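Protein chains in written order, with our numbering: chain A, 226 to 636; chain B, 55 to 410.
Just so you know, these hints were derived from the structure itself, not from any lab. Don't take every hint at face value.
[Said to hold, decoys possible] Which bits of chain A does chain B cover? Going by a derived footprint, with three or more residues having C-beta under 8 Å, they are:
1. 352 to 363
2. 457 to 464
[As the list claims (entries may be wrong)] Estimated spans, in silico, between C-beta atoms of each pair:
3. A:Trp261 - B:Phe293: 49 to 57 Å
4. B:Phe293 - A:Leu331: 24 to 32 Å
5. B:Pro146 - A:Pro278: 53 to 61 Å
6. A:Thr323 - B:Lys254: 52 to 60 Å
7. A:Leu259 - B:Phe293: 56 to 64 Å
8. A:Thr363 - B:Lys254: 35 to 43 Å
9. B:Phe332 - A:Pro278: 48 to 56 Å
10. A:Thr363 - B:Gly271: 54 to 62 Å
11. B:Val137 - A:Thr363: 39 to 47 Å
12. B:Phe332 - A:Ile262: 37 to 45 Å
13. B:Met343 - A:Asp315: 23 to 31 Å
14. B:Asp113 - A:Trp261: 50 to 58 Å
15. A:Ile262 - B:His341: 43 to 51 Å
16. B:Phe293 - A:Val242: 54 to 62 Å
Note that the structure is a prediction, hence the values are computed from the model and not measured. Cβ atoms here follow ideal geometry from the backbone N, Cα and C, with glycine treated the same way.
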Amino acid sequence: MTPDVGTAAAPARGGAVRTWALALIPLLLLSGLLVWIARSGPADAVLGTGYPPVERLAIGRVVLGDTGITVDVLNDGPDPVTIAQVIVDDAYWNFSATNGTTLPHLGQTRLQIPYPWVHGETHVLRLVTSTGVTFDHTIGVAVPTPKPDLAAVGTFALIGLYVGVVPVAIGLLWFPLVGRLGRRGLDFVLALTIGLLLFLLVDAGAESLEIAATIPGSFQGTALAVFAAGAAFLGLEAFGAWLQGRRRDLRAGGASGWLLALLVAIGIGLHNFGEGLAIGSAFALGEAALGSLLIVGFTLHNTTEGLAIVAPLSRDYGPSARPPIATLVWLGLIGGLPTIAGAWLGGFVYSPVWSVLFLALGVGAIAQVTVQILSQVAEGRPIRRYLAEGPVVAGLAAGVGVMYVTGMLIG
Amino acid sequence: MNPFPLLSRRSWLQAAGVGSLLAGAGAVTRLSGQHQSPVPDGHVLGHAGHALGTVGEVDTSVFDPTAFLTSFNFSHLPPDERVRYYRETPRPDGTLLREYEIFAVDREIEIAPGVFFPAWTYNGQVPGPTIRATEGDLVRVHFVNQGAHPHTIHFHGWHHPDMDGSLPQHQVLPGQDFTYEFVADPFGLHLYHCHAVPLKRHIHKGLYGTFIVDPKGDGPDPSALDEFVMVMNAFDTNFDNENEVYAVNTVAHYHMHHPIRVTVGKPVRIYLVNVTEFDLLNSFHLHGMFFDVYRTGTSRTTTERTDTLMLCQGERAILETTFRYPGDFMFHAHQSEFAELGWMGLFRAVEAGRDT
């Protein structure tokens, strides 16, 4: 065989063709294999033909209205499924389907069931497939689902305002106080912030994984949650580095407290978006009761988020100076407004998949800002030694404690 | 089951807090739903009562519940086909030899529109063919097991223990056959079913049928009354030992859409059989009327006049009545759950002569 002397010094063009060929040949083989599998059906060889299909239906959004019950159904299994009948509260009931009753893998349809549901009571929906397999869904407390009309949009905006924007804004008012604190006081407040964020991290992480376990298997909830969190972490890292780079161009050696504050606001905003989703959907699903103690706890709980945003800012300004009001307002809106958007999305087009995604994004973002704050406040001190200092220990304990106790009030 | 699977307790209560906050602000009467009925009276859902029931139609070319009602000894088949399954030969003493071909076969049956049940059947249908003899006739049933499991036919009525189809040695293995022979006795409304084990499965999968023995002698003129066989049965489609479908003669709500035609003034006799599994009791309730009850059909004297009759698993009764008024008369189990899960139908009474 004649040695190909040109290989080592192959022109770039020839090399590119070869690279493409090397990339594509396995893909071609793979498609050939897929075609062969589809044609020969090796699973049939193992199981024999006529084995029962795997049927899995996931029931999504359920809307209760004047004309009955509307249910979104997703085929979460590998085989086609035909919805043959609908049973509501142990009674066969008429229904119509907007997208047919035979669903392929990941196919969706919407069932309209003219059922006279009863306000405040529990109803059980049961879908019967052509093979007699049943899938149940319980409507815990039947109340009318809000329609996306102007009044409801306004109401959800108001909910978001109460839950997200106002508490964060109140927290921001601590800024002048934080500015007057000495070094030890500032250490305490920043550690308090870290404690708050750590608590949110655990809380939101657990919640996103909890919901992830309930969503249709095809969406792979756990992987979605973990990697969404990772993506948010790295995304904020990159965003922060980019912003800092630009800032350096403008003002060499500028402090980065404002940047930390912005990142904290973004992280809390993402988290609040996830909370807004949950709140909106709770209304959509009719899970609202009364209790003023709960409001108190909820307000306390979220007010601390405002403090978390302003604490890093104080490093940029001395005890006498203060940032422009506009800056505070912007930070507050970034942290709080997403609650409104979340409430809208949750109330009108709720899907638990979105909850998992946004709660996880919030987790990643909070993790990132926690790490950022830690490394900034340590100011070259070894982190372990910093964490052992009295004010810091007290701050961490206070942060976690406040969240824990106010969380108890909420439930 | 967690009624709120998508929300943690915390987020639920968070929402609850918000709800009370807003209720306090008087902002959300619409969302809190306290101030309005969700379903306005007489509005779109005013006719929701008519929305009860299954959706669609079953394929009656395979099994026609209406034909089954009045089919005795394969009478629904054309003569040349019928003779393959049923033959009668006069005997010297004036009685008949009645010979039947019954085979067990696994078959998917449609028990509600679009819902298919992997049944075990006699002659491909559930309930199995109604067998009818006169007291004293010799009944000879040639049974072939074409199914995948051992099966038998266990007849109720007087017979020799060898003909009982119940003990392990009575089991007819797949591909084998057996001939049951006995004299029809006593007169009454009986039952036949598979007695292979596990019994519960062999019965609820569909291996049962009606066995009628008419009294000897002064039988009623068949044209003088309308007779209907109604087998109260049910199906556990998801194998949780509870029934998802209830019916008379298998198909849920079939006679709500296809009322049973009867004639005003003409006597009606119903052969009512209960083979429901899993539920201890079933019942029959007829609207706007009363009927005479002949429990197990073994006496010619009625024991009861009622509009609601309760039968245990395996119990039977003959019901007799006459429609006074034209119109639709509902009948159903008085267990409302059973009724709404399929065991509900209509008689449609028409004036004599008007029936086309």
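These are the hints, each one checked on the structure:
1. Here's how the region 352 to 363 of chain A fares: 9 of its residues keep a CB closer than 8 Å to some CB of chain B, so the rule of at least three is met and the hint holds.
2. Coverage of the region 457 to 464 of chain A by chain B is violated in this model, with 0 residues showing a Cβ closer than 8 Å to a Cβ of that chain against a need of three.
3. The supplied range of 49 to 57 Å is broken by Trp261 of chain A and Phe293 of chain B, whose beta-carbon atoms lie about 36 Å from each other.
4. As the Cβ distance of Phe293 of chain B to Leu331 of chain A is approximately 27 Å, the hint placing it in 24 to 32 Å holds.
5. Between Pro146 of chain B and Pro278 of chain A the Cβ separation comes to about 58 Å, which falls inside the hinted range of 53 to 61 Å.
6. Distance hint check for Thr323 of chain A and Lys254 of chain B: the Cβ-Cβ separation is about 40 Å, which falls outside the suggested range of 52 to 60 Å.
7. Restraint check, Leu259 of chain A to Phe293 of chain B: a C-beta distance of roughly 35 Å breaks the suggested window 56 to 64 Å.
8. Thr363 of chain A and Lys254 of chain B have their C-beta atoms about 29 Å apart, which leaves the hinted 35 to 43 Å range violated.
9. Restraint check, Phe332 of chain B to Pro278 of chain A: a C-beta distance of roughly 25 Å breaks the suggested window 48 to 56 Å.
10. For the pair Thr363 of chain A and Gly271 of chain B, the beta carbons lie near 60 Å from each other, so the given range of 54 to 62 Å is met.
11. Take Val137 of chain B and Thr363 of chain A: their Cβ atoms lie about 55 Å apart, and the range 39 to 47 Å is violated.
12. A hinted range of 37 to 45 Å holds for the C-beta pair Phe332 of chain B and Ile262 of chain A, which are about 42 Å apart.
13. At about 27 Å, the CB distance of Met343 of chain B to Asp315 of chain A agrees with the hint of 23 to 31 Å.
14. Distance hint check for Asp113 of chain B and Trp261 of chain A: the Cβ-Cβ separation is about 37 Å, which falls outside the suggested range of 50 to 58 Å.
15. Evaluation of the 43 to 51 Å hint for Ile262 of chain A and His341 of chain B yields a failure: the beta carbon distance comes to about 59 Å.
16. Distance hint check: the CB atoms of Phe293 of chain B and Val242 of chain A are about 60 Å apart, consistent with the given range 54 to 62 Å.
Comparing the model with each earlier hint shows violations of hints 2, 3, 6, 7, 8, 9, 11, 14 and 15; every other hint is respected.
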